[in-house]
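So the protein sequences, as listed, match chains Y and Z.
At position 108 of the first sequence the residue is numbered 108 (UniProt numbering), and the sequence of numbers has no breaks.
At position 56 of the second sequence the residue is numbered 56 (UniProt numbering), and the sequence of numbers has no breaks.
Keep in mind that the hints were calculated from the coordinates and are not lab data.
Heads up, some of the hints might be wrong.
Unchecked claim - Pairs of lysine-lysine, BS3-like flavour, derived with a Cα cap of 27 Å:
1. 2/Z / 185/Y
2. 3/Z / 181/Y
3. 259/Z / 179/Z
4. 185/Y / 3/Z
5. 50/Y / 63/Y
6. 179/Z / 181/Y
7. 260/Z / 179/Z
The structure presented is a predicted model; accordingly, all values stated were derived computationally and were not measured.
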Amino acid sequence: MNTLLRHKGWTWGFRSTVLLYFVLLVVLPLLGVYYHSFSLGWSAFAESVKDPIAWKAVLLTLKLALVATMINVLIGTMIGWVIVRYRFPGRSLLNSLVDLPFALPTAVGGLMILLLLGPGSLIGGAAEALGFEIVFHQPAIVIAMVFVTFPFVIRAVQPLLEEIDPSEEEAARTLGASGTKIFFKVVLPSMLPGMLSGGMLAFSRALAEFGAVVLVAGNIPGRTLIASVFIYGEVESDNTAGAAAVSILLLTLSFVILWVVNFVQTKGKRA
Amino acid sequence: MKKLWITLTYLVFFLLLIAPLGKMVMGAFEGGLGGLGDALARPEALHALMMTGLIVVTVTVLNTLLGMMMAIYLVRGSWMSGGLRRFLNSIVDLPYAVSPVIGGLMIVLLLGPGSAVGAFFEDIGFKIVYAFPGMVIATLFVTFPLMVREVMPVLQEIGAQQEEAASTLGAYGWTTFWKVTWPSIRWAVIYGIVLTVARSLGEFGAVLVVSGNIINRTQTATTLVYQDVENFNVISANSVALVLAAFSVSLLLLMEWAKKRREVR
């Protein structure tokens with residue numbers, strides 16, 4: 001039995017199984033999408049992308065994801081700062097709550113936003129009376145994106161804040177710098193890498209988000225139809241070539257972002 | 001100044017996380033406990049929850065084992081050249097960057113009835129897309145990086161010295177793994193499992209595309225929530241969502257507990 005367990009074939013078998021699994025599961029499907037969208041030639045690809053509904057959906061997604069990311073960089077930096085620097089009741093509870101949007105299914109997140117801001121609710125009713133429209137309009141999409149990407153910036157900023165050497169700030173204070181000046185000259189530069197990489201991750205996640213958005217967006221072409229929902233619609237109506245064309249636009253964009261984040265992080269580690 | 005920032009933080013948390021969650025919990029109890037029970041006792045709800053459970057178990061088992069092995073090979077696999085390892089390492093993260101809908105689309109394109117592989121399996125009477133296997137593959141794809149990314153840093157941190165010492169002293173591969181490697185990566189694997197369970201429980205986009213969302217056949221809990229909302233059946237949607245949210249919150253608490261335990265040790 002033991003000699004059987006120690007046979008070289010086991011090692012070889014394990015290695016090939018794991019690598020094959022990886023290639024079949026991750027690499028092959030990705031190549032498949034690129035292959036599929038170019039299989040009918042460049043002109044067919046260009047045709048799919050030129051469809052005004054398609055490129056408007058991609059542009060809208062970019063715009064809203066950018067807004068959501070900026071909101072997240074602001075509130076994320078603030079919350080990261082407050083949680084690391086201040087001691088107050090409920091601090092560790094808030095710290096655990098940060099991860100809630102990652103743990104909750106995105107469809108549940110979308111449903112929660114729909115309930116809170118929907119036409120029948122208190123906030124939705126008040127906004128409607130004031131002439132604002134939230135749900136099924138662009139603000140709701142931004143809120144859904146902010147909700148889903150909420151933890152990224154906080155979790156990227158926190159470790160950096162914890163690492164700051166207190167003597168730097170003390171030195172600045174001894175030399176007579178004001179609180180605001182210390183913040184902008186000492187604290188902010190050390191948080192910046194986290195704000196950037198967290199923001200990039202949030203942006204790429206917001207671009208890709210589907211579950212939370214599909215429930216709260218009105219999905220009106222050109223106005224509230226974002227790229228992932230557009231792709232879903234194309235798949236449902238059996239236009240896989242169109243879906244694949246928009247997919248590779250989004251995919252390529254996300255890959256570039258991921259690559260930049262990796263590059264920034266490895267560079268940051270070396271410095 | 002300090003008070004202002006703390007108040008603002010509480011405000012953001014309340015508006016963005018606590019209020020929506022509270023509203024959903026209240027919504028689920030709108031019809032009383034009976035309404036909640038009725039919504040959950042619907043045959044399609046029971047079936048959807050069972051499908052989700054099956055997917056979670058299958059995916060977690062597969063990705064825990066293979067993800068752990070992948071992490072070990074990526075860190076320790078001296079049988080691969082360094083360049084190949086770096087290349088594989090950089091593509092492990094790709095599923096993070098892929099929109100779930102695109103993940104689903106990839107599987108439909110590759111294994112759907114229109115493709116060569118899909119047609120072959122269809123001929124021998126084995127449906128992949130719009131059936132259970134496709135849903136499992138979609139979830140496997142989405143959750144693959146989680147375990148690898150949890151285990152890899154730990155392996156890198158502990159270094160290979162202890163393992164080398166063990167094998168120099170004559171321990172075989174299995175013994176080295178169980179006695180030396182496993183005790184140090186145990187907590188990372190537990191985190192990985194919690195994350196994988198949470199992610200596969202909540203997977204929506206990829207599964208929706210691959211499953212076709214056929215009621216009582218390929219519907220999961222998340223896609224049932226979606227369908228209930230589309231049908232304006234809000235109380236039922238809330239009830240199923242409440243079950244999902246309860247699971248995710250418990251997983252989150254479990255994670256916090258595990259982190260505390262590890263820090264104490």
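Comparing the hints with the structure gives:
Restraint check for residue 2/Z and residue 185/Y: satisfied, since their Cα atoms lie roughly 19 Å apart, inside the 27 Å limit. A distance of roughly 20 Å separates the Cα atoms of residue 3/Z and residue 181/Y; the hinted pair therefore holds under the 27 Å criterion. Taking the CA atoms of residue 259/Z and residue 179/Z, the gap is about 23 Å. The hint holds against a cut of 27 Å. Between residue 185/Y and residue 3/Z the alpha-carbon distance is near 23 Å, which keeps this suggested pair within the 27 Å criterion.
Restraint check for residue 50/Y and residue 63/Y: satisfied, since their Cα atoms lie roughly 19 Å apart, inside the 27 Å limit. Between residue 179/Z and residue 181/Y the alpha-carbon distance is near 54 Å, which puts this suggested pair outside the 27 Å criterion. Distance restraint check for residue 260/Z and residue 179/Z: the Cα-Cα separation of roughly 24 Å lies within the 27 Å cut-off, and the hinted pair is therefore satisfied.
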